[in-house]
Amino acid sequence: MDPLLNYAIFFITIAGIYAVWTLALNVQWGLTGLFNIGIVAFVAVGGYTSVLLTIEPSATFAGGLGLPLPVGFLGAMLVSAILALLIGLITLNLRADYLAIATIGIAEIVRLFLKNEEWLTNGVRGIGGVPRPFSDLGPEGMALANMVLVLLCVLVIFLLVERARRAPWGRVLRAIRENELTVLASGKTVKSFRLQSFVLGAALMGLGGALYSHFVGFISPEAFVPLQTTFLVWVMLIAGGSGNSKGAVLGAFVIWGIWSGSQIVTGWLPPELATQAGALRMGLIGLLLVLVLLFRHEGLLSEEDQRRADIAREARQDRR
Amino acid sequence: MAELLQLVFFGLVLGSILTLGAIGLSLTYGILKFAHFAHGDFMTLGAYFALSLVATAQLPILVSIPIAALATLVVALIADRLIYRRLRRTRPVILLIASVGVALILRSAVQIIWGPNVQVYAQGIQLPYVIPFGDGAVRIKPDHLIIMGGALCLVTSLHFFLQHTRVGKAMRAMSDNPDLAQITGIDTEKVVLWTWGIGIALAAVGGIFAGMDSQLHPNLGWQLLLPIFAAAILGGIGRPYGAIAGGMTIGLAQELSTMVIPPEYKPAVSFGIMVLVLIVRPRGIFAGSST
Chain R
1 MDPLLNYAIF FITIAGIYAV WTLALNVQWG LTGLFNIGIV AFVAVGGYTS VLLTIEPSAT
61 FAGGLGLPLP VGFLGAMLVS AILALLIGLI TLNLRADYLA IATIGIAEIV RLFLKNEEWL
121 TNGVRGIGGV PRPFSDLGPE GMALANMVLV LLCVLVIFLL VERARRAPWG RVLRAIRENE
181 LTVLASGKTV KSFRLQSFVL GAALMGLGGA LYSHFVGFIS PEAFVPLQTT FLVWVMLIAG
241 GSGNSKGAVL GAFVIWGIWS GSQIVTGWLP PELATQAGAL RMGLIGLLLV LVLLFRHEGL
301 LSEEDQRRAD IAREARQDRR
Chain Z
1 MAELLQLVFF GLVLGSILTL GAIGLSLTYG ILKFAHFAHG DFMTLGAYFA LSLVATAQLP
61 ILVSIPIAAL ATLVVALIAD RLIYRRLRRT RPVILLIASV GVALILRSAV QIIWGPNVQV
121 YAQGIQLPYV IPFGDGAVRI KPDHLIIMGG ALCLVTSLHF FLQHTRVGKA MRAMSDNPDL
181 AQITGIDTEK VVLWTWGIGI ALAAVGGIFA GMDSQLHPNL GWQLLLPIFA AAILGGIGRP
241 YGAIAGGMTI GLAQELSTMV IPPEYKPAVS FGIMVLVLIV RPRGIFAGSS T
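Note that the protein sequences, when read in sequence, are chains R and Z.
Numbering-wise, this note's numbering puts 144 at position 144 of the first sequence, and it's gapless, one number per residue.
Numbering-wise, this note's numbering puts 31 at position 31 of the second sequence, and it's gapless, one number per residue.
The set of hints was computed from the structure by calculation and includes no laboratory data.
Quick caveat: nothing in here was measured; it's all calculated off a predicted structure.
Hints are not guaranteed to be accurate.
What the hints assert, rightly or not - Away from chain Z, derived, C-beta distances all over 10 Å, residues of chain R:
hint : residue
1    : TYR7
2    : GLY64
3    : PRO70
4    : GLU140
5    : GLY141
To be verified - Residues on chain Z that point at chain R, a partial pick, calculated with CB under 7 Å:
hint : residue
6    : GLY101
7    : LEU104
8    : ALA268
9    : PHE271
All C-beta atoms, glycine included, are put in the ideal place defined by N, C-alpha and C.
Take these sequences, add in the hints, and give me the full structure.
Written out as structure tokens, the structure is:
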């Protein structure tokens, strides 16, 4: 197959996985205002859960149940959701910043756990030979089928999130984000709604982690660095437009384009500067974040746009 | 017994470093009303400024400390002018996200300027004082004494500043009740500037001490961020005296924990304590008593 086409398929697949994560963060931050900077924890937990459930039994680590892939994906969502439930129960009725700090902490603990509990995770050596979806279709067919699978996931999640956002449930979430006391006064259980949103978002992050691990075919604690997962996803959502699901998907594709473009540019640097190039890209992410906040904090597609579209749609429906 | 005493000593050294970071974090949190996630990376920056002074300009470390702290302060004030001040009218959480961006920029700059490798202030092994104690001995390095002595001096000066100067009193007032402070005619912009100054200068010194305690690397401050936040929360946000108690508690707990849990999980201890505090006394152990 044409190498350019190959690259396009690879690009769309990875950007699609990021879109799953930005949509998940959009539920937590965009709709509910929950500040999660430990995205990587839920992604890694999801990835490892699915891999350990589906891989063939091994002598070096305890995992390896050889279950079918869909079971792995469901398991990933479940375990990530349970982790989120535990953190949420502790922190979600406290001031918002505490959740942020708690999520950093949980990301750190998950990293330490994956690194040190070799009996379960094979430690820093990681786990190879992860079963890949559609591996019987040959390399080209597999790449294509994987892309379709990821895009299908994005589409389903997008429709679900949009449906949830427009439903009374989503309206309560947005109301909590804007003014918690008013929602309390109207008799809603704020903490329970927050918990639901946090857990739903975390489950989707876990699903993204499983998609990613099975796509790459190898998993290790080093594969999940906060910079590439947590912060890149944050920049994607904020640049795309938090609170706007279309913006979340758009942000994932645009920022992934910039990010992989910067890799091509830094690839021209002499090899002795290779590690510096990584640092430069980290600075770029930080700079992008700050610039977006300073000059277009509502993002490419703002929530306001979406709200207007919603009102127009409702007006059309009334007329009918 | 000697082993326990040694761990307590290490705990006090770590506690001194954490305290210096936590005071600034707690003050900025209390007065500027946002969680400053770049605080750890300002510690890194201070440590590397001192490295340049020690390694390139051949200055003794004690002379380098104030110069490095001042240089870090200048960077912080530039960040405040260019970024934070423009966002101060928005919601605090926007400032928080911006500070995460600042943290990434700082870390990237440190790595580009000074390189990604581990570095030290002084080559070679420092001979420790060996103090026989019971069945063993306690080893104390001269650097450890500088760290503890330095932290003690700074904390004492801060105490006098907060209790006996006009600006210090205004800071405490603003931290306790910002609205009331503004009504009484306190110049809030001035207080904000002083808060930045003191918080960042202490953080820079804490970063240098952390580098003296072990080594310098670009992630130095980011890794300290979690224990520092734990210390600030433990002491109650906006309470400098609480931050001291919190810093010491976390430092001791992290070192002593190695007696019961595998040392790989040492960084998780501060998180455990923080979660415990959030469940039992979400406003901090020392909340309620006024500053």
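Against the structure, the hints come out as follows:
no.: 1; hint: TYR7; result: holds (27 Å)
no.: 2; hint: GLY64; result: holds (24 Å)
no.: 3; hint: PRO70; result: holds (33 Å)
no.: 4; hint: GLU140; result: holds (38 Å)
no.: 5; hint: GLY141; result: holds (39 Å)
no.: 6; hint: GLY101; result: holds (4 Å)
no.: 7; hint: LEU104; result: holds (3 Å)
no.: 8; hint: ALA268; result: holds (5 Å)
no.: 9; hint: PHE271; result: holds (4 Å)
The structure is consistent with each of the numbered hints, conforming to all of them.
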